[in-house]
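Listed here are the chains, written in short residue letters.
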Amino acid sequence: MHRDGSLGVAVARPRAAGRRPALGRDTGTALLFLSPLFVLVVGLILYPCFRAVWLSLTDKLVGYPERFVGLRNYEYLVHDDAFHQVIRNSLVFTVGSVALKVVTGLAMALVLDAVVKGRTFFRGLFLLPWITSTVIIALTWRWMFDAFPGRGFFNSVLLDLGLMDRPIAFMATPAGAMAAVVVANWWRGFPFFGVSLLAGMHSIPRELYEAASVDGAVAWRRFWHITLPGLKHVLIVTTLLSFILTINDFNIIYVMTRGGPGSATQVFATYSYQVAFGQLRWGRGVTISIFLAPLLVVGIALITRALLRERT
Amino acid sequence: MRARTVLAAVGLIGFLLVILVPFWWIASMSFKTYEQLQFATSIYVPRQFTWENYVGLWTETRFPLWLRNSLTTALVVTLVTTVIASLGGYAVARLRFPGRESVASLILILYLIPPALLFIPLYRVLAELGATNSLSALFLSYPTFTVPFCTWLLIGFFKALPEELEEAALIDGATRIRAFVRVLLPLAAPGLVASAVFAFTLSWNEFLYALVFIQDERSLTVPVGLNLLIYGDVFHWGQLMAASVITTIPVVALYAFIHRWMVEGLAAGAVKG
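Heads up: the protein sequence lines correspond to chains E and C, in order. Our numbering puts the first sequence at residues 534 to 845. Our numbering puts the second sequence at residues 27 to 299.
Do not rely on the hints blindly, as some may be mistaken.
With a straight-line cut-off of 20 Å between C-alpha atoms, the simulated SDA-like cross-links for lysine to any residue are [what the hints assert, rightly or not]:
{"no.": "1", "chain 1": "C", "residue 1": "K185", "chain 2": "C", "residue 2": "L210"}
{"no.": "2", "chain 1": "E", "residue 1": "K650", "chain 2": "C", "residue 2": "R28"}
{"no.": "3", "chain 1": "E", "residue 1": "K650", "chain 2": "C", "residue 2": "L42"}
{"no.": "4", "chain 1": "E", "residue 1": "K650", "chain 2": "C", "residue 2": "A215"}
{"no.": "5", "chain 1": "E", "residue 1": "K650", "chain 2": "C", "residue 2": "L210"}
{"no.": "6", "chain 1": "C", "residue 1": "K185", "chain 2": "C", "residue 2": "R126"}
{"no.": "7", "chain 1": "E", "residue 1": "K765", "chain 2": "E", "residue 2": "K650"}
{"no.": "8", "chain 1": "C", "residue 1": "K185", "chain 2": "C", "residue 2": "A215"}
{"no.": "9", "chain 1": "E", "residue 1": "K765", "chain 2": "E", "residue 2": "T560"}
{"no.": "10", "chain 1": "C", "residue 1": "K185", "chain 2": "E", "residue 2": "A640"}
{"no.": "11", "chain 1": "E", "residue 1": "K650", "chain 2": "C", "residue 2": "A34"}
{"no.": "12", "chain 1": "C", "residue 1": "K185", "chain 2": "E", "residue 2": "L841"}
{"no.": "13", "chain 1": "C", "residue 1": "K185", "chain 2": "E", "residue 2": "R842"}
{"no.": "14", "chain 1": "C", "residue 1": "K185", "chain 2": "E", "residue 2": "R558"}
{"no.": "15", "chain 1": "C", "residue 1": "K185", "chain 2": "E", "residue 2": "K650"}
{"no.": "16", "chain 1": "C", "residue 1": "K185", "chain 2": "C", "residue 2": "P212"}
{"no.": "17", "chain 1": "E", "residue 1": "K650", "chain 2": "C", "residue 2": "V32"}
{"no.": "18", "chain 1": "E", "residue 1": "K650", "chain 2": "C", "residue 2": "G40"}
{"no.": "19", "chain 1": "C", "residue 1": "K185", "chain 2": "E", "residue 2": "K765"}
{"no.": "20", "chain 1": "C", "residue 1": "K185", "chain 2": "C", "residue 2": "R150"}
{"no.": "21", "chain 1": "E", "residue 1": "K650", "chain 2": "C", "residue 2": "V36"}
Label-pair ranges, simulated between beta-carbon atoms [unchecked claim]:
{"no.": "22", "chain 1": "E", "residue 1": "P827", "chain 2": "C", "residue 2": "I272", "range": "35 to 45 Å"}
{"no.": "23", "chain 1": "E", "residue 1": "G576", "chain 2": "C", "residue 2": "E190", "range": "37 to 47 Å"}
{"no.": "24", "chain 1": "C", "residue 1": "L91", "chain 2": "E", "residue 2": "P598", "range": "46 to 56 Å"}
{"no.": "25", "chain 1": "E", "residue 1": "V602", "chain 2": "C", "residue 2": "A153", "range": "15 to 25 Å"}
Hint data in this document are derived by calculation from the structure and do not stem from the laboratory. As the structure is a computational prediction, the values presented were derived from the model and not from experiment. Using N, Cα and C, we set each Cβ at its ideal position, and we do this for glycine too.
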C-alpha cells in the first residue's frame, strides 16, 4: 500500500516536470539489476587484469611460489630476438589480413548493393564464414593448402590445370605458412566488413547520388566522392575492431601452424601461450600480452568514443 | 546500366565461389573413403559416396561426449548470460542513476578486451576457486566475453522500445521490477533471442579458454577435441572433416533462424569480426 502510494508520487512528479528526476529515484533498483554484472566483471575480468600486471612483475614458474622481480620480464623481452620476430610477424599478419578484409569487404558491399533480387539471401550466405568456428576454418584452410593433391585443394587444382608438375608444400615455407594464415583470417573476417559497409552505404542519402547523376558524374567519381566519404565512419570503426581482434588472434595460427615452421608465424597470443604453458614461465608469458596493452588502450578508446557518439 | 548488371553478376559468382568452395571441399572429403583420400582418386566429388567417416567418428572416438560437453556449456552459458545481460542492459537503458554513462562505456570497453590477454591470470583465479579441469571452468569464464557483448546489444534493444508502455505500467501501480518482467521483457523478446543466439555461438566456437583450462579428455569441448584428432592420429582426415560438418550445422541452423536480427546488430557495429 505504502509502496504504491510513494511510487504514485514518484511518477506523478516527473510527469509534471516532463522527466523523472535525474538522481536517486532508480538507484536502488539499478544497483540490484547491475549487481550480477558487477560481480562477474570485478571477479573474473578486473581482478584477473590486476593479477596479470602483478604476475608480470614476478618470475612465477609453475610449481614454484611467485617472486617479485620488478621489471626484469619486460627487460628480458625488450632484448629477446624471438620476441622481436613475434612483433614483426604480428604486424605482417595483422596489417596484411586487415588490408585484404577492407578491400574485399568493400567489393562485397558494392556487389551486394548492385544485386536487386535475393540480396538478403546472399548477404546471409556470405556471412557463413563469420559464424563458423575459427578452429574449423583453420582446419579447412590447412587442408586447402595441404601438400598432398587428394587433400590439398590448391595442389589438386594447379596440378590438374597443368600449371605445375609436382605438388608444393605451401605450409612448409615461412612465407607460404604466413600467406596461408593470412588467407584463413581474411576469409573469416571480410564478410563482416562487407555487411557493415553495405549497411553504411544504405545510410548515405539517395539525394546525393541523384544530384551527382544530374551533374553527369560517372560511376567511379560517385564512388570516390560520395560513397567512400559516406563510409568513413563505418570503415574506421570496423577497421579498428578488426585490428584489435586480429593482432590478438590465437585460434587460426595455433591450429594451422602452431607458430611454425620454426617461429615464422609466431604471434603475440601463440608466443604467450607457448612461454606460459610450454616453458611453464607464467610471469614472462603474461608480460608478452601486456606489451600489447598500450596499443589496445588507444584502439579501445577510439572505438568506444566513436560507438558511444553514434548511439547517443 | 548493362555493364553494371554484368559486373554485379560476375562479382556475385566470384564471391559465391570464394565462400562456398572451402565448405564444399571439407564436406566432400567427409564423404570419401579412406582409399579415396589416401590415393587421391575422385578428388572433386566423392564418387562412391560413403558414411563410414560419420559412423567411425560416432563409434570410435570421444566425439559424442565432446558434443555433449559443448552443448551443455553453451546452454548453461547462454542462460546465465541472458539473465545477467538483460538485467544489466535494462538498467543502463532505462533506469536513472548516477554514473549510468560510465557503466555503458565500461561495458563496451570490457567487450573489446581480447581473451588472449586474460587466459593466464584467469587460469590462476579459476585454479584458486578449484574450478579448472572441468566444465565449470567454462561456465565461469565464458560469461566474461558473452556478458559484455550481450549487455551492449540489449542496451540498444531496450532503448529502442517505446517508453510510454512502461510508464503506463508504473502509473498503474507496478513496481520497476514488475514493469520489467511483465512489460519490457516480452517486448524485447526478439533482442533476447538474438542475444541468446550470439551467446550460444560464441560459447560453441570458443577454443582458447577450453584448451587452457581443461586437460581431462572427457571434459573437452568439440573445438579442442578436434585438435586432438589431428595430432593424435594423422590417418583420420575423413573423420575430422565429418566432425567439422556436424559441428557447423547447429550454428548455421540457429543463424538461419535469426539472421535478420543479427544483421541489424552488425549494422550497429556491435559485433566481433
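Here is how each hint holds up against the structure:
Annotation: proposed proximity of C:K185 to C:L210 holds, straight-line Cα distance about 11 Å (limit 20 Å). Using a Cα cut-off of 20 Å, the hinted pair E:K650 and C:R28 holds, with the two alpha carbons roughly 16 Å apart. In summary, the hint linking E:K650 to C:L42 is supported, as the alpha carbons are separated by about 15 Å, within the 20 Å threshold. For the suggested pair E:K650 and C:A215, the alpha carbons sit about 30 Å apart, so the restraint of at most 20 Å is broken.
A hinted pair counts as satisfied when its Cα atoms are at most 20 Å apart, and E:K650 with C:L210 does not qualify at roughly 36 Å. Of the pairs offered as hints, the one joining C:K185 and C:R126 holds, with about 13 Å between alpha carbons and a cut-off of 20 Å not exceeded. Only pairs whose Cα atoms come within 20 Å are accepted, and E:K765 paired with E:K650 is rejected, the gap being roughly 27 Å. Between the alpha carbons of C:K185 and C:A215 the distance comes to roughly 14 Å, so the proposed pair stays at or under 20 Å and holds.
At roughly 39 Å between alpha-carbon atoms, E:K765 and E:T560 are farther apart than 20 Å, so this suggested pair is violated. Straight-line distance between C-alpha atoms of C:K185 and E:A640 comes to about 33 Å, which puts the hinted pair past the 20 Å bound. Between E:K650 and C:A34 the alpha-carbon distance is near 12 Å, which keeps this suggested pair within the 20 Å criterion. Distance check on the hinted pair: C:K185 and E:L841 sit about 13 Å apart at the alpha-carbon level, within 20 Å; holds.
At roughly 15 Å between alpha-carbon atoms, C:K185 and E:R842 fall within 20 Å of each other, so this suggested pair holds. Note on C:K185 and E:R558: the hinted pairing holds, with a Cα-Cα distance of about 19 Å set against a maximum of 20 Å. Taking the CA atoms of C:K185 and E:K650, the gap is near 33 Å; set against the 20 Å cutoff, the hint is violated. For the proposed pair C:K185 and C:P212, the alpha carbon gap of about 14 Å is at most 20 Å, so the pair holds.
For the hint linking E:K650 to C:V32, the alpha-carbon distance of about 14 Å falls within 20 Å, and the restraint holds. A hinted pair counts as satisfied when its Cα atoms are at most 20 Å apart, and E:K650 with C:G40 qualifies at roughly 17 Å. This hinted pair does not check out: C:K185 and E:K765 have alpha carbons roughly 26 Å apart, beyond 20 Å. Proposed proximity of C:K185 and C:R150 is contradicted: the alpha carbons are some 38 Å apart, above 20 Å.
In summary, the hint linking E:K650 to C:V36 is supported, as the alpha carbons are separated by about 15 Å, within the 20 Å threshold. Between E:P827 and C:I272, the C-beta spacing of about 42 Å keeps the proposed range 35 to 45 Å intact. Range check, E:G576 to C:E190: Cβ separation about 38 Å, and the 37 to 47 Å hint holds. For the pair C:L91 and E:P598, the beta carbons lie near 37 Å from each other, so the given range of 46 to 56 Å is not met.
Between E:V602 and C:A153 the beta carbons are some 22 Å apart, a value that agrees with the proposed interval 15 to 25 Å.
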